Amino acid sequence: MAFVDECEMAVVGGGLVGAALAWGLARSGIQTMVLDGEDLDLRASRANFALVWVQGKGLGAPHYALWSKASAERWPELAAALAGDTGIDVSLSQRGAFSFALSRCELDAWRIELETIAEQTRGAAAPYEVLGADETRERVPGLGRDVVGSIYSPTDGHVNSLRLFRALHVGMKARGVNYRAHHGVKNIEPIKDGFRLIGSWGEVHARRIVLAAGLDNERLAPMVGLSAPLKRSKGQILVTEKCAPFFDYASTTIRQADEGGVMIGDSEETHSSAIATNQDISAVLAHRAIRVFPALADVNVVRSWTGFRVKTMDGLPIYEQSATHPAAFIAVCHSGVTLAANHALVVAPQIAAGRLAAELSPFHSWRFHAPQNS
Amino acid sequence: MLLRIRDAVDKVTFTFDGAAVQAARGDTLAAALLAAGIDTFRISIVGREPRAPYCLMGVCFECLVTIDDIQNRQSCLVEVQEGMVVTSQNGARTIGRDDGL
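Chains as they are written, first to last, in UniProt numbering: chain D, 1 to 374; chain Z, 1 to 101.
Hints listed in this document are in silico derivations from the structure and should not be mistaken for laboratory results. Do not take every clue at face value.
[Said to hold, decoys possible] Each pair of labels, with its calculated beta carbon distance range: (1) Asp69(Z) <-> Ser103(D): 32 to 40 Å; (2) Leu40(D) <-> Arg4(Z): 45 to 53 Å; (3) Gln22(Z) <-> Val239(D): 49 to 57 Å.
[Stated by the list, open to error] Partial pick of chain D residues on the chain Z-facing surface, computed with a CB cut under 8 Å: (4) Gly142; (5) Glu241; (6) Lys242.
Being a predicted model, the structure only gives us computed values, none of them experimental. Here a beta-carbon is modelled for each residue, glycine too, at the ideal position from N, C-alpha and C.
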């Protein structure tokens with residue numbers, strides 16, 4: 001009989017979601033293996049904008065507003081636990097963040113959305129302030145005249161997401177997780193007492209599995225009675241040379257990383273599968289950033305990149321335990337940075353215990369399968 | 001220490017961190033500074049270490065200096081000019097301090 005690797009828990013995917021879950025599972029005492037794909041797979045974990053963001057999330061979905069807020073509040077605990085395991089400082093900064101409005105109409109639309117979220121959560125959503133042009137300028141020096149106002153939320157912030165990615169991987173190793181690169185999973189077959197995970201590299205038997213494979217979740221989920229319908233969402237980012245600190249907060253589209261580079265985002269294309277950046281979009285991103293901070297016009301852009309968001313049809317995460325194969329779980333989400341604290345500190349212990357809590361039931365994929373009444 | 005193959009005939013003078021430097025017309029600024037024995041062009045941003053040109057062909061961004069008040073210029077891609085005011089690039093560039101930010 002051929003030798004086959006066995007493990008208690010296999011996490012499929014070693015990006016921010018998979019790594020946060022695997023690290024959390026290992027902290028819960030579960031013997032965990034991570035099967036990761038190829039370096040050149042589409043990896044949102046390397047392309048993201050690194051915000052720990054709550055503001056404006058959860059319109060029509062109060063559970064998501066509160067889930068995001070809870071994760072932002074748990075982030076200091078995650079950063080401290082990662083530093084404890086690895087010595088790596090992920091540069092968490094939660095000084096609050098602005099959405100800068102370049103038109104009255106934009107500001108009004110955001111204000112109405114935030115009021116609606118506040119109502120739908122009965123006031124439990126993250127706090128915010130709507131600021132006029134003068135109030136905004138008082139708090140943030142260097143703004144351009146086109147900024148007509150802003151939304152400020154003290155809950156928001158950002159992190160060094162590449163260092164977060166590294167810390168999770170170092171943490172996994174420190175906790176004894178068996179991490180395997182170049183182990184893309186082609187097929188999953190349910191067997192007695194678990195699953196066969198099959199790739200060109202061979203196969204692994206796991207008693208339980210978690211799918212955290214980003215865009216590939218859509219293909220893998222149905223193999224174990226789960227579902228993850230995704231839509232295409234391509235984002236593009238510009239990065240400048242490193243600069244002395246000029247902006248202490250974060251914003252939806254501009255943030256200064258801890259080491260000085262200014263990141264400018266974030267576009268969305270829904271009909272492109274090209275991995276190349278689009279110069280027209282770069283121009284729009286740069287132009288908007290200069291209207292917010294005119295002095296950015298003198299700064300050199302040294303990089304730009306694109307990535308594909310892991311976005312479900314309604315933009316909300318999917319957390320689900322398979323009805324037909326209860327030892328299979330799935331975690332799919334766009335906000336792998338913001339939600340990393342929840343994934344490591346809340347979802348992983350639940351998966352370790354074998355059952356997702358009731359608070360996660362609104363994130364089940366059955367919301368996409370309701371009968372269509374037309 | 002680098003030595004010139006032949007003496008400069010057509011000379012230009014510029015300053016680096018306030019000191020006068022002579023160069024041959026047509027030199028790149030990086031070559032002119034190296035020929036003058038200058039081996040620290042900038043202080044690195046994150047590690048605060050001294051840096052000098054490395055690739056001399058516009059790729060590595062190690063040779064950054066401030067030229068006539070414009071920060072972070074690649075001295076290996078700039079031809080030296082009479083009267084240029086060049087200063088070493090000390091850490092990260094600033095954003096907009098002089099134009100109202």
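Here is how each hint holds up against the structure:
Asp69(Z) and Ser103(D) have their C-beta atoms about 35 Å apart, which keeps the hinted 32 to 40 Å range intact. Checked against the given bound of 45 to 53 Å, the beta carbons of Leu40(D) and Arg4(Z), roughly 47 Å apart, stay inside it. Taken as a hint, the range 49 to 57 Å is violated for the pair Gln22(Z) and Val239(D), whose Cβ atoms sit roughly 38 Å apart. At a threshold of 8 Å, the smallest CB-CB gap from Gly142(D) to chain Z is about 4 Å, leaving the interface hint in force.
With a least beta-carbon distance of about 6 Å to chain Z, the hint placing Glu241(D) at the interface is held under the 8 Å criterion. Given hint, Lys242(D) at the interface with chain Z, holds; its Cβ is 5 Å from that chain's nearest Cβ, closer than 8 Å.
The structure does not agree with numbered hint 3 stated previously, though it agrees with all others.
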